[in-house]
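If you want the building blocks of each chain, they are given just below.
There are 2 protein chains.
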Amino acid sequence: MAIYFIGLGLYDEKDITLKGLEIAKKCDLVFAEFYTSLLAGTTIEKIQKLIGKPIKLLNREDVELNFEKIVLKEAKEKDVAFLTAGDPMVATTHNDLRIRAKQMGIESYVVHAPSIYSAISITGLHIYKFGKSATVAYPEKNWFPTSHYDVIRENKERGLHTLLFLDIKAEKGKYMTANEAMEILLQVEDMKKQKVFTLETLVVVLARAGSLNPTLKAGFVKDMLKEDFGKQPHVLIVPGKLHIVEAEYLVEFADAPKEILKWA
Amino acid sequence: MAIYFIGLGLYDEKDITLKGLEIAKKCDLVFAEFYTSLLAGTTIEKIQKLIGKPIKLLNREDVELNFEKIVLKEAKEKDVAFLTAGDPMVATTHNDLRIRAKQMGIESYVVHAPSIYSAISITGLHIYKFGKSATVAYPEKNWFPTSHYDVIRENKERGLHTLLFLDIKAEKGKYMTANEAMEILLQVEDMKKQKVFTLETLVVVLARAGSLNPTLKAGFVKDMLKEDFGKQPHVLIVPGKLHIVEAEYLVEFADAPKEILKWA
Chain B
24 MAIYFIGLGL
34 YDEKDITLKG
44 LEIAKKCDLV
54 FAEFYTSLLA
64 GTTIEKIQKL
74 IGKPIKLLNR
84 EDVELNFEKI
94 VLKEAKEKDV
104 AFLTAGDPMV
114 ATTHNDLRIR
124 AKQMGIESYV
134 VHAPSIYSAI
144 SITGLHIYKF
154 GKSATVAYPE
164 KNWFPTSHYD
174 VIRENKERGL
184 HTLLFLDIKA
194 EKGKYMTANE
204 AMEILLQVED
214 MKKQKVFTLE
224 TLVVVLARAG
234 SLNPTLKAGF
244 VKDMLKEDFG
254 KQPHVLIVPG
264 KLHIVEAEYL
274 VEFADAPKEI
284 LKWA
Chain Y
24 MAIYFIGLGL
34 YDEKDITLKG
44 LEIAKKCDLV
54 FAEFYTSLLA
64 GTTIEKIQKL
74 IGKPIKLLNR
84 EDVELNFEKI
94 VLKEAKEKDV
104 AFLTAGDPMV
114 ATTHNDLRIR
124 AKQMGIESYV
134 VHAPSIYSAI
144 SITGLHIYKF
154 GKSATVAYPE
164 KNWFPTSHYD
174 VIRENKERGL
184 HTLLFLDIKA
194 EKGKYMTANE
204 AMEILLQVED
214 MKKQKVFTLE
224 TLVVVLARAG
234 SLNPTLKAGF
244 VKDMLKEDFG
254 KQPHVLIVPG
264 KLHIVEAEYL
274 VEFADAPKEI
284 LKWA
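These protein sequence lines are chains B and Y, in that order.
Heads up: the first sequence is residues 24 to 287, going by the working numbering.
Heads up: the second sequence is residues 24 to 287, going by the working numbering.
Just chain B, same shape as in the assembly (with noise of 0.2 angstroms):
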């Protein structure tokens, strides 16, 4: 008789909170979906064995045009788990869902995980300093978004770091490496010409955030563009003014170039 929407956090099965393990366990039913972000470290083999039951896998388009008929109807009568990856009402698409519930006079609640919002603070980035957010897309035809160019200019003018987030193409397994997206900031950068990313660009990587082991890589754009960052999920992350506690922990964790604490 209502909805849970359940973070599983961030890499793998055991991000879960005790609290969305327990609840998942005592739903009815239980569906997921892994289209708006990646689980890399865990199958649904694996979720579905340590909450017990058979887990329902929702595709984009079951989520955002048949919501209503596959889940919802069920929660009329039933208690019913929602599993997605990360903190559930980070993606936008999850704060519809819970409209749409609503409207159909649903109850419907939200258990937090752990998400990259949060994690980015691995960095040693200051996270209040972190502005607005922005997304690098696969450029397609005749569709060349350059915003993420933008919001990164307009975050340096007030010294705040920016946080990237890296297209996925689910559906096809295809799942952008934090060199694709600077190569096309670079690209970008070709077109504004405003010395917003360039081959001199002080960037941070952060891979497998969630993971006990991530990558965190610091350092200019013409020597990160040829690092190995290991497996996919990575964010990018374009720093604004350093202090020098943030530089000093990009030198100690993040390998990043000793020249930088001269900035700070």
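If you're looking for bench data, these hints aren't it; they were derived computationally from the structure.
Treat the hints with care, since some could be wrong.
Identical chains blur together in the list; that is why a pair holds if it fits in one copy or across any two.
[Said to hold, decoys possible] Only pairs whose alpha carbons sit at most 30 angstroms apart, straight line, appear in this in silico DSS-like list of lysine-lysine: (1) Lys281 with Lys92; (2) Lys285 with Lys218; (3) Lys245 with Lys264; (4) Lys264 with Lys218; (5) Lys69 with Lys48; (6) Lys285 with Lys125; (7) Lys48 with Lys96; (8) Lys101 with Lys72; (9) Lys96 with Lys281; (10) Lys215 with Lys264; (11) Lys218 with Lys179; (12) Lys254 with Lys125; (13) Lys245 with Lys285; (14) Lys125 with Lys152; (15) Lys49 with Lys254; (16) Lys218 with Lys152.
Model the placement of chain Y on the given structure of chain B, informed by the hints.
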């Protein structure tokens, strides 16, 4: 032989992840601090029972001045867990502790947990549109901080939302309410007169994030001043430009005045 920074999440003892609990159980020694953030829905006794070990509680002085002596010395020979509310590296103090561990040759790991930085997505405000965040501190004799006001103004100029943390004086058991924060911001408005935070400003209050029944309320300051949001912790959000789905969500879940639908 390592220190594990383990997040306890937002509200009660069930907001830790399975990974966090598993590691804490395996550690030889368990420390915790609660002065940077409040875990309102539980007690240290309940957390101890869950982990099955005594927890040594540290105050601000222990952490900021004596961490090497009390904690890191132990981590040279043993596996040590350090528990904190929220996602551990969000508190900038903890970044610094991790640097100190590294400099003593001690391995450190971070286990993420739910954080207010992503939990604010339960307000329905699109999370990528949050700008820099700020803290509203209790004014003191000869010290009336006002930078939060400037942060709200700068974010508003770009249409962005502002998350405001409210002061914690854990040693006095004093946790600022959203009502107190609004009164302080109105005083700053009186001083600065830039029409950034007035009686007509729309604000959103989220109280007890992480509980299954948090209080979520949106309205104009003049009306919100008198509201009772229940127990702390509270956060106060000053929205920027609203998208229509954000406005709809606030009307459905935060009892926002319907006229905001016309702004979006």
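Results for each hint:
no.: 1; hint: Lys281 with Lys92; verdict: between (57 angstroms within a copy, 29 angstroms between copies)
no.: 2; hint: Lys285 with Lys218; verdict: within (21 angstroms within a copy, 39 angstroms between copies)
no.: 3; hint: Lys245 with Lys264; verdict: within (20 angstroms within a copy, 37 angstroms between copies)
no.: 4; hint: Lys264 with Lys218; verdict: both (16 angstroms within a copy, 28 angstroms between copies)
no.: 5; hint: Lys69 with Lys48; verdict: both (14 angstroms within a copy, 22 angstroms between copies)
no.: 6; hint: Lys285 with Lys125; verdict: between (54 angstroms within a copy, 21 angstroms between copies)
no.: 7; hint: Lys48 with Lys96; verdict: within (20 angstroms within a copy, 41 angstroms between copies)
no.: 8; hint: Lys101 with Lys72; verdict: within (21 angstroms within a copy, 33 angstroms between copies)
no.: 9; hint: Lys96 with Lys281; verdict: between (58 angstroms within a copy, 28 angstroms between copies)
no.: 10; hint: Lys215 with Lys264; verdict: both (22 angstroms within a copy, 27 angstroms between copies)
no.: 11; hint: Lys218 with Lys179; verdict: both (11 angstroms within a copy, 26 angstroms between copies)
no.: 12; hint: Lys254 with Lys125; verdict: between (39 angstroms within a copy, 26 angstroms between copies)
no.: 13; hint: Lys245 with Lys285; verdict: within (20 angstroms within a copy, 48 angstroms between copies)
no.: 14; hint: Lys125 with Lys152; verdict: between (35 angstroms within a copy, 24 angstroms between copies)
no.: 15; hint: Lys49 with Lys254; verdict: between (34 angstroms within a copy, 28 angstroms between copies)
no.: 16; hint: Lys218 with Lys152; verdict: both (21 angstroms within a copy, 24 angstroms between copies)
Checked against the numbered hints above, the structure breaks none of them.
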